[in-house]
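Numbered continuously in the UniProt record's numbering, the sequence shown closes out at residue 164.
For the record, the hints were derived by calculation from the structure and aren't laboratory data.
Backbone N, C-alpha and C define an ideal beta-carbon position, used for all residues, glycine too.
Mixed in with the good hints, there may be bad ones.
List time: in silico BS3-like cross-link candidates among lysine-lysine, alpha-carbon distance up to 27 Å [as the list claims (entries may be wrong)]: (1) K10 x K133; (2) K10 x K159; (3) K77 x K26; (4) K26 x K133; (5) K30 x K90; (6) K133 x K160; (7) K159 x K90; (8) K10 x K160; (9) K30 x K10.
Ranges between beta-carbon positions, derived for each pair [said to hold, decoys possible]: (10) K160 x D137: 17 to 25 Å; (11) I81 x Q146: 21 to 29 Å; (12) S36 x S6: 33 to 41 Å; (13) I81 x E113: 18 to 26 Å; (14) K77 x R164: 20 to 28 Å; (15) S36 x R164: 32 to 40 Å; (16) I80 x K10: 27 to 35 Å; (17) E103 x Q78: 39 to 47 Å; (18) R151 x K90: 35 to 43 Å.
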Amino acid sequence: MIVQISGNVKFPITLDPTVWIFDDRKMTFKEVFEPSEVESSHEEEDELKRQSLRFDREVYQQKLNPPVNKSINRYEKQRIINGTFLMPIKPFLHTSEPASQVEQAALMTDHGEVLIDADMLADAYLLFSENGKPLQDNGPVHLYFQNGSNRDNPITGIKKIELR
């Protein structure tokens, strides 16, 4: 369940997508590919957040024993349990410090090697959770281009990303 970034990079790194569920950079599938629908649902989400915070405050005021972990409120927990999430790959590529001459990336998948342009990779998203569960079939990640051109046919089963 790991993905390696290697090749013409200063720092080869290993990614563990199973911990991204707690990362604030994650985005829902709708936030990435259907932003107009997300804007209309923000009002409903804001009300749910307010209700969740109000409930959390009431529970806290009752001084429950043992103490309640406040790091994830009820709304966020429900979102994590049911959500389909993507992670932008750009921060990880930045951390690996690719060489300036890198022009393409080879994605090592269950189905063989897939070559893509390095700039397209930098703007891509990795799907790591579907319906609240890590990707088991064709996982650990699927790659979606930012423009959504492969939305119906993502690159699946990625195990390693080699920058060339």
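The hints, checked one at a time:
no.: 1; hint: K10 x K133; result: 33 Å, violated
no.: 2; hint: K10 x K159; result: 20 Å, holds
no.: 3; hint: K77 x K26; result: 14 Å, holds
no.: 4; hint: K26 x K133; result: 14 Å, holds
no.: 5; hint: K30 x K90; result: 19 Å, holds
no.: 6; hint: K133 x K160; result: 21 Å, holds
no.: 7; hint: K159 x K90; result: 17 Å, holds
no.: 8; hint: K10 x K160; result: 16 Å, holds
no.: 9; hint: K30 x K10; result: 34 Å, violated
no.: 10; hint: K160 x D137: 17 to 25 Å; result: 18 Å, holds
no.: 11; hint: I81 x Q146: 21 to 29 Å; result: 27 Å, holds
no.: 12; hint: S36 x S6: 33 to 41 Å; result: 38 Å, holds
no.: 13; hint: I81 x E113: 18 to 26 Å; result: 35 Å, violated
no.: 14; hint: K77 x R164: 20 to 28 Å; result: 41 Å, violated
no.: 15; hint: S36 x R164: 32 to 40 Å; result: 37 Å, holds
no.: 16; hint: I80 x K10: 27 to 35 Å; result: 33 Å, holds
no.: 17; hint: E103 x Q78: 39 to 47 Å; result: 43 Å, holds
no.: 18; hint: R151 x K90: 35 to 43 Å; result: 19 Å, violated
Against the hints set out earlier in the document, violations occur for numbers 1, 9, 13, 14 and 18.
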